[in-house]
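So for the sequence shown, our numbering puts the first residue at 1; every next one is plus one.
Derived by calculation from the structure, the hints in this document are not laboratory data. Predicted, not measured: the structure shown is a model, and the values here were computed from it. Glycine is no exception: its CB is placed at the ideal position from the N, C-alpha and C atoms. Hints are not guaranteed to be accurate.
Cβ-Cβ distance ranges computed for the label pairs, FRET-style [as the list claims (entries may be wrong)]:
(1) Gly102 x Ala50: 20 to 30 Å
(2) Gly110 x Gly88: 18 to 28 Å
(3) Asp156 x Gly90: 32 to 42 Å
(4) Gly88 x Asp171: 46 to 56 Å
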Amino acid sequence: MNTYILKLSALAFLILAAGFFCFAENIDPYQDGSQYAWSVNAGWLNFQPAQGSGVQVSSDSVQGFVWAENIGWINLSPSNYGGVINDGSGNLSGFAWAENAGWINFAPNGGGVTIDSDGEFSGWAWGENIGWVNFAVSDAVQACRVSLEDLYSFADDWLKQMKCPGDLNQDFNVDMLDSAVLANYWMDYCPDAWPLK
Numbered sequence: 001m002n003t004y005i006l007k008l009s010a011l012a013f014l015i016l017a018a019g020f021f022c023f024a025e026n027i028d029p030y031q032d033g034s035q036y037a038w039s040v041n042a043g044w045l046n047f048q049p050a051q052g053s054g055v056q057v058s059s060d061s062v063q064g065f066v067w068a069e070n071i072g073w074i075n076l077s078p079s080n081y082g083g084v085i086n087d088g089s090g091n092l093s094g095f096a097w098a099e100n101a102g103w104i105n106f107a108p109n110g111g112g113v114t115i116d117s118d119g120e121f122s123g124w125a126w127g128e129n130i131g132w133v134n135f136a137v138s139d140a141v142q143a144c145r146v147s148l149e150d151l152y153s154f155a156d157d158w159l160k161q162m163k164c165p166g167d168l169n170q171d172f173n174v175d176m177l178d179s180a181v182l183a184n185y186w187m188d189y190c191p192d193a194w195p196l197k
């Protein structure tokens, strides 16, 4: 009898844990960079930062914290003003709060932010102190990370020793200087016109 209860408890725990992890991963599930937004004054906003719990989207709200490189944490669900609301169709409204930037409006006149069923944001929010925040991935985000596929491509180009995408410093040679550039990119996001993608 105890073995049966133990197995049943373990199964229930696994089912609940799987549900928790599925709920937590609804921002950028395809890892294509759609968890980012851009503001000229606030820099990159990351809705799925490595530190912290990130953002969770439900059918009626958006909760959690966004990391912005120039202004710090943005609270999408401040208790004193209602937070960011999802109308169930992906149209977002309401206000987020940033200690260093003030209120950010997700449905301003001339703007508005949406999120689709794939977790991809689009549209514009407005912050009185930071200006417009662009959520349109195709417009603002060239976010990518150097992956193992990039390393294979770089190594393949290295062996060819000709003008190729592996020439990251554009000196018409694939050499150790290019590997240093690649190592720097490995630790950061890709710049515009990343040649290996």
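Comparing the hints with the structure gives:
1. Gly102 x Ala50: 20 to 30 Å: With Cβ atoms ~26 Å apart, the hint holds.
2. Gly110 x Gly88: 18 to 28 Å: holds (24 Å)
3. Asp156 x Gly90: 32 to 42 Å: holds (41 Å)
4. Gly88 x Asp171: 46 to 56 Å: holds (54 Å)
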